[in-house]
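Visitor: Spelled out, the chains give:
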Amino acid sequence: VTPFLVYGVAAGVLVGVGIHGVATRRNFVRQILALNVMGGGTFLFLIAVAFRNGPETPDPVPQALILTGIVVSVSVSALALAIARALHSRSGRTSLPDEDLE
Amino acid sequence: METLLDLLLAAGLVLVAVRAIHAPALFTAVVLYIAFGLLLSLVWVRLGAADLALAEAAIGAGVTGALLLETAAQLGFGKERPMALRGIPLLVLTALPVAGAVGVATFALAGETAGLKETVLARLQESGVEHPVTAVLLNFRGYDTWLEVIVLLAAVLGVRAITGSAARPGIGPASAPLPRSVAVVLPLAIVMGGYLLWRGTTAPGGAFQAGAVLGSAGILYLLVLRPTIELPRGVLFGASAGLGAIAFLVVGMAGLALEGEFLEYPTSAAGLLILLIELAVAISTAAALIFLFLGARPSVREERSA
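Protein chains in written order, with my numbering: chain A, 1 to 102; chain B, 1 to 306.
Chain A on its own, in the form it takes in the complex (with noise of 0.2 Å):
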């Protein structure tokens, strides 16, 4: 059992965990907070790939890739967050409206 296949393996049920949150919570704070539990999962699987061959110097070139992503998903968050404030000082809303599901 190599750190690849555990990581890979919780890397890949951290997004699917993602994806189910993101699915069927309601709240705007618990879907972004989902979301980021999926970007974890997603950075987790590329950065065990660059440890495949073992500690000795990882691959550099997903590890960039990966710090690009962090400060992309801030970014993201940060501005969902506040759109989901400035809806929910104009409606009073925590959630999207679910006539459309059901």
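Honestly, I wouldn't trust all of these hints.
[As the list claims (entries may be wrong)] Partner residues are not named here, just some residues of chain A that face chain B (Cβ under 8 Å, in silico):
1. Ala11
2. Arg25
3. Leu35
4. Asn36
5. Leu44
6. Arg52
7. Asp59
8. Ile83
9. Arg85
Just so you know, the hints here were simulated from the structure itself, not pulled from any lab data.
Cβ atoms here follow ideal geometry from the backbone N, Cα and C, with glycine treated the same way.
Since the structure of chain A is already known, use the hints to place chain B on it.
Guide: Frame of chain A; chain B shown alone:
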């Protein structure tokens, strides 16, 4: 022994993530998410990605956690409506195929390959820095990093457009120990940020990590020592948030004029140019994080009317 540690860390990550998404109380959920970010940064250390560990702890767990907490407080920690679509069918439809696909990919990839490591190491000499991740970030894939800085700038402009530029309340007047500890932490944070920036050329560290440390120090300083925080406007706002993107553009265009390629550095000056870009990116990352956090706080006017 190492495998046991890996299994424990991986299981801990999954458990904390599931609890963060499904814990009944929203406050618990956000705190668990911060714990998730910190566990993830432990995993980054384990997988030899110290750059990411620094960024994840400061930006992923720290800033995202603070923004989630602030928003949750304004939306109310009260009862949430029940879940949209319940039960197993949705789990089977959404989560399992994706988790399965990533799992299959993991097993399919398990063989040894060189990846891009050899390519990067072969040209590292010409990049102007000694740390491979910094070389990829600011030289070989400089384009990506420039666009990343622009994404951060776009988020700042978006948040500013939504929340306005009115003054924000600090948390003061705070009791004495808090301002005093800020007076101790602030100079340390500035030295630490400068060190991380400088260190990034030879070892893990760099513009984003330095920017995150400086940004959090700035947030702490403004919150604790100012009763109301005036946000900069106009040119001052644009300059502080846009410095990194502008520096990238100027250096990139100079490369286009002198070397015939956007963001192509002359080998002899590459180290200096990279350090200049990093300095600008660190400052505007710090400014961006401060604006994103302050933008999440209700303005002084809203707070009075509430």
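Visitor: Now, for every hint given, state plainly whether the structure supports it.
Guide: We went through each hint and held it up to the structure:
1. Ala11: holds, 6 Å
2. Arg25: Check passed: Cβ of A:Arg25 comes within 6 Å of chain B, closer than 8 Å.
3. Leu35: Since chain B brings no Cβ nearer than about 10 Å to A:Leu35, farther than 8 Å, the hint is violated.
4. Asn36: Holds, because the Cβ-Cβ distance from A:Asn36 to chain B comes to roughly 6 Å (cut-off 8 Å).
5. Leu44: Because about 7 Å separates A:Leu44 from the closest Cβ in chain B, which is inside the 8 Å limit, the hint holds.
6. Arg52: holds, 7 Å
7. Asp59: holds, 4 Å
8. Ile83: At about 7 Å, which falls below the 8 Å cut-off, the nearest Cβ of chain B leaves the hint on A:Ile83 intact, so it holds.
9. Arg85: A:Arg85 check passes; min Cβ-Cβ to chain B is 6 Å, inside 8 Å.
Violation of the numbered hints given earlier is confined to hint 3; every other hint is satisfied by the structure.
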